[in-house]
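All chains should be modelled from the sequences, with the hints used to inform the complete structure.
Number of protein chains: 2
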Amino acid sequence: MIIDLINPARNIWPEISKRPEIDLEKIKPLVENIFKEVKKNGDNSLLKFTKEFDKTLLKSIKVKRKDILNSHNKVSEKLKQAIKSAKKNIEKFHKAQIVIFKKIETEKGVQCWQEKKAIEKVGLYIPGGTAPLFSTILMLAIPAKIAGCKEIIICTPPSKRGKIPNEVLFTADLCGISKIYCVGGAQAIAAMTFGTETIPKVYKIFGPGNQYVTMAKQYSLNYNVSIDLPAGPSELLVLGDLTSNPSFIASDLLSQAEHGIDSQVILVSISKGLITSVKNEILNQVKLLSRKEIALESLKNSKFIYFNSNKNASDFINEYAPEHYIISVENEDYFISKILNAGSVFIGKYSPESAGDYASGTNHTLPTNGYSKQYSGVNLDSFTKTITFQKITKTGLSNLSETIQLMAQAENLDGHMNTVSVRFK
Amino acid sequence: MIIDLINPARNIWPEISKRPEIDLEKIKPLVENIFKEVKKNGDNSLLKFTKEFDKTLLKSIKVKRKDILNSHNKVSEKLKQAIKSAKKNIEKFHKAQIVIFKKIETEKGVQCWQEKKAIEKVGLYIPGGTAPLFSTILMLAIPAKIAGCKEIIICTPPSKRGKIPNEVLFTADLCGISKIYCVGGAQAIAAMTFGTETIPKVYKIFGPGNQYVTMAKQYSLNYNVSIDLPAGPSELLVLGDLTSNPSFIASDLLSQAEHGIDSQVILVSISKGLITSVKNEILNQVKLLSRKEIALESLKNSKFIYFNSNKNASDFINEYAPEHYIISVENEDYFISKILNAGSVFIGKYSPESAGDYASGTNHTLPTNGYSKQYSGVNLDSFTKTITFQKITKTGLSNLSETIQLMAQAENLDGHMNTVSVRFK
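Chains as they are written, first to last, in my numbering: chain A, -16 to 408; chain Y, -16 to 408.
A portion of the hints provided could be inaccurate.
The list makes no distinction among identical chains, and a pair is therefore deemed to hold if it is satisfied within one copy or across any two copies.
Computed list of lysine to aspartate or glutamate pairs in EDC-like fashion (alpha-carbon distance at most 20 Å, straight line) [as the list claims (entries may be wrong)]:
| # | residue 1 | residue 2 |
| --- | --- | --- |
| 1 | Lys63 | Asp397 |
| 2 | Lys78 | Asp364 |
| 3 | Lys86 | Glu74 |
| 4 | Lys143 | Glu35 |
| 5 | Lys85 | Asp364 |
Since the hints were made in silico from the structure, they are not lab data. No experiment lies behind these values; they were computed from the predicted model shown.
Take a look at the structure:
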């Protein structure tokens, strides 16, 4: 079931690094049509699509305060405590990301600086499906609040029982989000893009989702909206050696594989023996999983790769650019120092991916599909934008004047030259 | 020619804030075809398109070292000095943007941190057209170098004389960029997206361009490439009052208007008299501009808006979300404190936009078309991505274990629970 590779040559690395391809083009017409309808018919179209896709007749799109408060009584004390613990760590890590820039005098009389400002209106999409993904609310709502976004809304579909799960409502309320809308899929993304009678238009849309949501987020870019990340199926790459614990690694690979049949797990090993023992451990552990079928299916996309050179191993990992990267080798410092591309890195035997998925404090919204070559995961900056400022005195402008005028002249822009000359007439 | 508005009501602000619309959909098939050809035929297609669109028969796509060195003798000493002065300030301002994050202990034994890493391969597009835009090389190459990007390439079309202007070659060399390719338009963007025999594939593409380049950058997003910003025609909003100098403001508005016929200039004034005097000054000054026709045409898109309330004026400016925003009023602190959305802000009588276009140190690649609501202009961060790290001890994981397991259980992910339990078996 797993593809084995031994010291693969560099020229096949791009081929090995390819993720399972998903062709979204074929669902584009459907998504375009949903956008058209939501733009035209607003709330009515949301009710219609929710009936059609979620088999739910909504009385109201906005969740009532009463239902949000009720959720507090429906979630166990233990789970509430766990969510609060996770929140504390995520808050601590994201608050530490606040950066205050100093004012710089680039020339005498020329003061320049940057300021980060919150994006005023953001929309968080929380998928429904087989489980209530309340952890994603923590990952998106906490940095949005720290950044100071004024309007933070959540769209999430009804579960099969026709309602938003209590864990989701509780977590949203704990994070101080009161505008929760019971709508999912491409129609939720369209609603946040254009606004409807009930749902406000936002400037940036965050959150994971199925292929319709992914396509819809991509499509929203045509309407002055931005998005957190281009989404794709989740991935994990584990690096191991002789000193690794095969049972720990097997559990990590399986925790990724259980996400969905398109998840991808990679083991890069600088020990041949480890590969065999991890495989055996996987066979032992997978039997006990409730999502065993999913895990077995996604293991078909997985690759176990042996390298006899540390350099080749680390070069390959940078070429692959994993979303999650667990380093479980003796010589960890070497591999840490070589990292160029990765979403989130987990160092050592006791740093499983699930720590970062829930509770350590780092964000779990990360670049997949090789996008860690150029994208950051969601962090505090994702909810802000940077504005530059400059304040120039008369002396300052006089210091710059020759430079500006000569450059403007060489670019054939005499209007630009004039802005200086009129000031010194 | 200019549209006058007096205390416009809030409900028409979105209408007033609309930029001239450009329909790129109609050129999409052409761009798609160029991508297809470049992917298939590489360098040959670049030579073909350059002959077809730029009327130039290239001997080689890569600019020869000899030609780059020769450019040093063809640019005047004065201009070289000006470019070096600008470079010094841009370097100073962008170096000040380096951020080093501290390691955070979110729980005992749970260490988390962020690191910024350079995007390894970046492509800078420098447009050709009526003038050699060497200032844009400074704005893109300097932060790319400071970030530590390993491979920085420039694509720029031949001028009407069949060659890249010497100012462009000189500035690129001054910034330490040696891979310069003589190719422009959508074919240049396609070449950087896929790579050809000569031009390396990059991970992120930067730089302004005409509508074909804009469409091509948007299209490159389908191929695991990212881009700096969605591009649009340049804009300036000036805020003035009784104390403003009408002649200074007129020169600023004209410097924006001369860029292109689709440029947009807005004057927001809290004095009615200023509007009349700025108009008169514009009529005086425009006559003397070599790009007078362009400026007069783009003034048709311009609006002069009077507000009798500071609050309404600043609220409107945030709704408009200008690319460039000049604050030339007595009560500048009030308006600075109210800024939510802007690309780059110029404070005071002696801070013309052209200072930031060339020489003060701030970047001139900025969000247009209202995108300052959610996008930053190009800055050092544009050339990096942030990776998160975590290193957890056995005690640390034990501190997190209950939280992780309860949350994983509630999300129906028992494989995630196992990653903790196997470690404490």
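Consistency of the hints with the structure:
1. Taking identical chains as interchangeable, the C-alpha atoms of lysine 63 and aspartate 397 lie at most 20 Å apart only when they sit on different chains, with a minimum of 19 Å there against 65 Å within one chain.
2. In the homo-oligomer, the alpha carbons of lysine 78 and aspartate 364 lie at most 20 Å apart both inside one protomer (11 Å) and across protomers (19 Å), since each shortest distance falls under that limit.
3. Proximity of lysine 86 and glutamate 74 under a CA criterion of 20 Å is satisfied inter-copy only: 15 Å between copies versus 28 Å inside one chain copy.
4. In this homomeric assembly, lysine 143 and glutamate 35 come within 20 Å of each other (Cα to Cα) only inside a single copy, at 13 Å, whereas the closest approach across copies is 58 Å.
5. Within a single copy, lysine 85 and aspartate 364 get their C-alpha atoms as close as 17 Å, and across copies as close as 16 Å, so both meet the 20 Å cut-off.
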